[in-house]
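Participant: Kindly produce the complete structure, drawing on both the sequences and the hints.
For what it's worth, my numbering labels the leading residue of the sequence shown as 395, then goes sequentially.
It is worth saying that the hints were derived from the structure and are not from the lab. Remember, it's a predicted structure, so these values are computed and weren't measured experimentally. Hints should not be assumed to be uniformly reliable.
Mimicking EDC-like on lysine to aspartate or glutamate, the simulated pairs with C-alpha atoms at most 16 Å apart in a straight line are [unchecked claim]:
id : residue 1 : residue 2
1  : 418       : 399
2  : 418       : 428
3  : 419       : 397
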Amino acid sequence: EPDNDILAIGSGSMYALSAAATLKKHASHLSATEMVRESLGIAADICIYTNHNFIIETIAE
Numbered sequence: 395e396p397d398n399d400i401l402a403i404g405s406g407s408m409y410a411l412s413a414a415a416t417l418k419k420h421a422s423h424l425s426a427t428e429m430v431r432e433s434l435g436i437a438a439d440i441c442i443y444t445n446h447n448f449i450i451e452t453i454a455e
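Facilitator: Now the structure itself:
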């Protein structure tokens with residue numbers, strides 16, 4: 395079970411996880427997809443092994 399219902403894997407995962415947790419707490423008006431996109435962007439800005447080419451897949455609830 396991930397903490398705060400957020401899971402991150404990969405080279406920039408700790409940056410993305412930190413950004414996602416902050417967005418979930420302070421920008422709850424964003425959709426999950428928007429939070430993911432912003433979190434990955436922040437991770438890509440920080441981590442030299444992470445780039446800005448994202449493929450985001452969603453599943454229906």
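Participant: Given the hint that residue 419 pairs with residue 397, does the C-alpha gap stay at or below 16 Å?
Facilitator: holds (13 Å)
Participant: Please work out if residue 418 and residue 399 have their alpha carbons no farther apart than 16 Å.
Facilitator: Holds. Residue 418 to residue 399 sits at ~10 Å (cutoff 16 Å).
Participant: With the threshold set at 16 Å, check whether the alpha-carbon distance from residue 418 to residue 428 stays at or below it.
Facilitator: holds (11 Å)
The structure shown violates none of the earlier numbered hints.
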